[in-house]
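J.: Take a look at the letters that make up each chain.
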Amino acid sequence: MGNNPLTLALPKGRLFDQAIQYFDLHGLKISVEERKLVAHDEKGLLQIFLVKNSDLPTYVAHGIAGLGICGSDVLHESISRFFRLLELPFGTTRMCLAARADQNPQAEKHRLKVATKFPRFTRNYFHSRGIPVEIIKLNGSVELAPLLGLAPYIVDLVETGSTLKANNLKVIENLENIVVYLIANPAYYKVHYPQVDRFIELLRNSA
Amino acid sequence: MNPRTRAFLQLPQGAESFYLEEAQRHEEILQHMRILFGQWGYLPVQTPVFDFYDIYRPFLDVHARETIYRLVDREGDLLMLRSDVTLFLAKQIGMIISHRDLPIRVWYADTILRHQDEEDISKNEFYQVGAELIGKSGSHADLEVLLLLFRSLETLKLTDYQIHIGSREVFNGCFDALDEDNKLKLLQAISLRDFEKVHTILEEEGFEDGKTAFFCRLFSSIGTLKTLVPLMQEGKKEGFLTYQTEKALQQLMDTFSILQTLGKEDLFRLDLSELGGQGYYTGIVFQAYKEGVDAAFASGGRYDNLLAHFGFSAPAVGFSIMLRKIEGFLPKEPVINQKTPIPITDSDFITAYRKAEEVRHKGGIALLGGTSHG
Numbered sequence: 041m042g043n044n045p046l047t048l049a050l051p052k053g054r055l056f057d058q059a060i061q062y063f064d065l066h067g068l069k070i071s072v073e074e075r076k077l078v079a080h081d082e083k084g085l086l087q088i089f090l091v092k093n094s095d096l097p098t099y100v101a102h103g104i105a106g107l108g109i110c111g112s113d114v115l116h117e118s119i120s121r122f123f124r125l126l127e128l129p130f131g132t133t134r135m136c137l138a139a140r141a142d143q144n145p146q147a148e149k150h151r152l153k154v155a156t157k158f159p160r161f162t163r164n165y166f167h168s169r170g171i172p173v174e175i176i177k178l179n180g181s182v183e184l185a186p187l188l189g190l191a192p193y194i195v196d197l198v199e200t201g202s203t204l205k206a207n208n209l210k211v212i213e214n215l216e217n218i219v220v221y222l223i224a225n226p227a228y229y230k231v232h233y234p235q236v237d238r239f240i241e242l243l244r245n246s247a
Numbered sequence: 087m088n089p090r091t092r093a094f095l096q097l098p099q100g101a102e103s104f105y106l107e108e109a110q111r112h113e114e115i116l117q118h119m120r121i122l123f124g125q126w127g128y129l130p131v132q133t134p135v136f137d138f139y140d141i142y143r144p145f146l147d148v149h150a151r152e153t154i155y156r157l158v159d160r161e162g163d164l165l166m167l168r169s170d171v172t173l174f175l176a177k178q179i180g181m182i183i184s185h186r187d188l189p190i191r192v193w194y195a196d197t198i199l200r201h202q203d204e205e206d207i208s209k210n211e212f213y214q215v216g217a218e219l220i221g222k223s224g225s226h227a228d229l230e231v232l233l234l235l236f237r238s239l240e241t242l243k244l245t246d247y248q249i250h251i252g253s254r255e256v257f258n259g260c261f262d263a264l265d266e267d268n269k270l271k272l273l274q275a276i277s278l279r280d281f282e283k284v285h286t287i288l289e290e291e292g293f294e295d296g297k298t299a300f301f302c303r304l305f306s307s308i309g310t311l312k313t314l315v316p317l318m319q320e321g322k323k324e325g326f327l328t329y330q331t332e333k334a335l336q337q338l339m340d341t342f343s344i345l346q347t348l349g350k351e352d353l354f355r356l357d358l359s360e361l362g363g364q365g366y367y368t369g370i371v372f373q374a375y376k377e378g379v380d381a382a383f384a385s386g387g388r389y390d391n392l393l394a395h396f397g398f399s400a401p402a403v404g405f406s407i408m409l410r411k412i413e414g415f416l417p418k419e420p421v422i423n424q425k426t427p428i429p430i431t432d433s434d435f436i437t438a439y440r441k442a443e444e445v446r447h448k449g450g451i452a453l454l455g456g457t458s459h460g
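Sequence order for the protein chains is Z and U. FYI, in the numbering used here the residues of the first sequence are 41 to 247. FYI, in the numbering used here the residues of the second sequence are 87 to 460.
Honestly, the hints are just simulated from the structure, not real lab data. Be aware that one or more of the hints could be misleading.
The calculated label-pair distances, taken between Cβ atoms and stated as ranges, are [what the hints assert, rightly or not]: (1) Z:L77 <-> U:E282: 26 to 34 angstroms; (2) Z:I176 <-> U:A93: 28 to 36 angstroms; (3) Z:N44 <-> U:D432: 51 to 59 angstroms.
Straight-line Cα separation of at most 25 angstroms, SDA-like style, residue types lysine to any residue; simulated pairs [what the hints assert, rightly or not]: (4) U:K271 <-> Z:K177; (5) U:K312 <-> Z:E117; (6) Z:K177 <-> Z:E117; (7) U:K312 <-> Z:K177; (8) U:K312 <-> Z:R160.
Chain U residues, not near chain Z, derived (Cβ > 12 angstroms throughout) [as the list claims (entries may be wrong)]: (9) T197; (10) A275; (11) R355; (12) K411.
Values in this document were obtained by computation on a predicted structure and should not be read as measured data. We treat Cβ as the ideally placed atom computed from N, Cα and C, and that holds for glycine.
Please work from the sequences and hints to get the whole structure.
T.: Following this line, the structure appears as structure tokens:
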């Protein structure tokens, strides 16, 4: 079991470059050829699969990749359970409730109609606070929903807020800080724990 | 799509079928298990496919309640389909045996039915084979069940696996003072190895720094006696362990030490983050893992209070294997020697029948009229 590289799923998109930089900082040089979806680090410690952000939990849950780098926003949408082995120092952002800048936030407090890419998070968040919520699932450009009248509210990730501002929207409430984790398929960790623990030590120590 | 097309091409989520050679292999595997369990003095049991929901409700967590199939019977009572054999078995045991029969040893092989989301549709959790030892407490009973699990896997020629052993009793001993809510949160955090959360919960509960750090190390360490003995000594010296915890830890280590003496050290790991998926566990708990299998393929433990819920108080310990998870990893050649079928091609039926009977009489396999699927 010991000598094969650990399998790690990396998300394409906003976290990819930051993850590569982070590994670089810890002495793990990863070069990805253009259009290739499988890569290695130079030391042969990791075998890396590049997958779509929202598919990452599925790959890890099925053990195709034993480990993954994944934001809590994506983890909220997955029904699978993972070990969160390490909180990583990049990619933090906020999950926010937003609406048109001229929207009166008190008007519809008893029942929210929300457009979002994160239906599970949104339902759990508001239901656990006793607020009924009607959810419209979108796959992108969520900011359009209030402008075109699909739904008065959106729940989405907000980094700088400039996209919101450009679309005449404003944050009504910060719902949760989103953190990026090194996650593991529980069974994969239990089989490979000596090797995974060494990998975590490497990430913890050599920054 | 035409609704009939869907009905023809798909099974409902959570259903599974297998056939021909695959089903035959499955039967052969069961045949081997039957022989093994028989040698150990275990008798077969069959549990009902459905039963009244209300009686099992206290033992189903939110996830289980979401995934079980429920139906209403003709009198309007709510029923559930069998989603966990141990649970259904517990009630049967309560109904059929009395104290003077104890201990009893039973085994089962049955399908289980629960909904699986599209995301985890290939989890292969459809078929449980297991054994339960009822009416015996103590480490000898724990060892019997652990070793029967080991022998089952050895019989199947499964390789490269490891069984992680923990103890619900150690957990209860350490955190008995916590209220039920926080205890459950802590249990989940430890099971998911989220030790930052464990740290936070213990801090909020007013545990001093040294004790918090110690418990994080105790419950996160995985290893053998070499790992656990120094931790226990430290805990004793610092006064972090209650009498109950110390006793439970000692029993766990005694159990492991016997496994070691039997030469099985490599197959077992002491791992206190194993707390058992089911709420009914009270003592030793364990799960088995294998390279390439996406989740634990076998699990079990001691459940001394479950039977009392069904009107019959007796200690019990057992395990179950999710057989379909590992069938693909078993050696390709049949577990039982399978002879090649001999085609009998005589055109006269009576001659062919007589020849075929002769072959069968000598222990061979004869196919009337030629090829196996013709």
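J.: Test the statement that K411 (chain U) is away from the interface with chain Z: the closest C-beta pair must be farther apart than 12 angstroms.
T.: violated, 10 angstroms
J.: Does T197 (chain U) sit more than 12 angstroms from chain Z, CB to CB?
T.: T197 (chain U) is indeed farther than 12 angstroms from all Cβ atoms of chain Z, at 22 angstroms.
J.: Falls inside 51 to 59 angstroms, the C-beta gap from N44 (chain Z) to D432 (chain U)?
T.: holds, 56 angstroms
J.: Mind checking the alpha carbons of K312 (chain U) and K177 (chain Z) for me, to see if they're no more than 25 angstroms apart?
T.: violated, 52 angstroms
J.: Is the nearest Cβ of chain Z still more than 12 angstroms from the Cβ of R355 (chain U)?
T.: violated, 8 angstroms
J.: Is the straight-line distance between the alpha-carbon of K312 (chain U) and that of E117 (chain Z) 25 angstroms or less?
T.: violated, 40 angstroms
J.: Straight-line Cα separation of K312 (chain U) and R160 (chain Z) no greater than 25 angstroms?
T.: violated, 44 angstroms
J.: In this structure, is the beta-carbon distance linking L77 (chain Z) and E282 (chain U) contained in 26 to 34 angstroms?
T.: Hint holds: Cβ distance 32 angstroms, inside 26 to 34 angstroms.
J.: Mind verifying the non-interface call on A275 (chain U)? Its CB should be farther than 12 angstroms from each CB in chain Z.
T.: violated, 10 angstroms
J.: Verify the CB-CB distance for I176 (chain Z) and A93 (chain U) against the hinted window 28 to 36 angstroms.
T.: Since the Cβ atoms of I176 (chain Z) and A93 (chain U) sit about 31 angstroms apart, the hinted range of 28 to 36 angstroms holds.
J.: Given the hinted pair K177 (chain Z) and E117 (chain Z), is their alpha-carbon gap at most 25 angstroms?
T.: holds, 12 angstroms
J.: Between K271 (chain U) and K177 (chain Z), is the straight-line Cα distance small enough, at 25 angstroms or below?
T.: violated, 31 angstroms
Consistency note: the structure conflicts with the earlier hints numbered 4, 5, 7, 8, 10, 11, 12.
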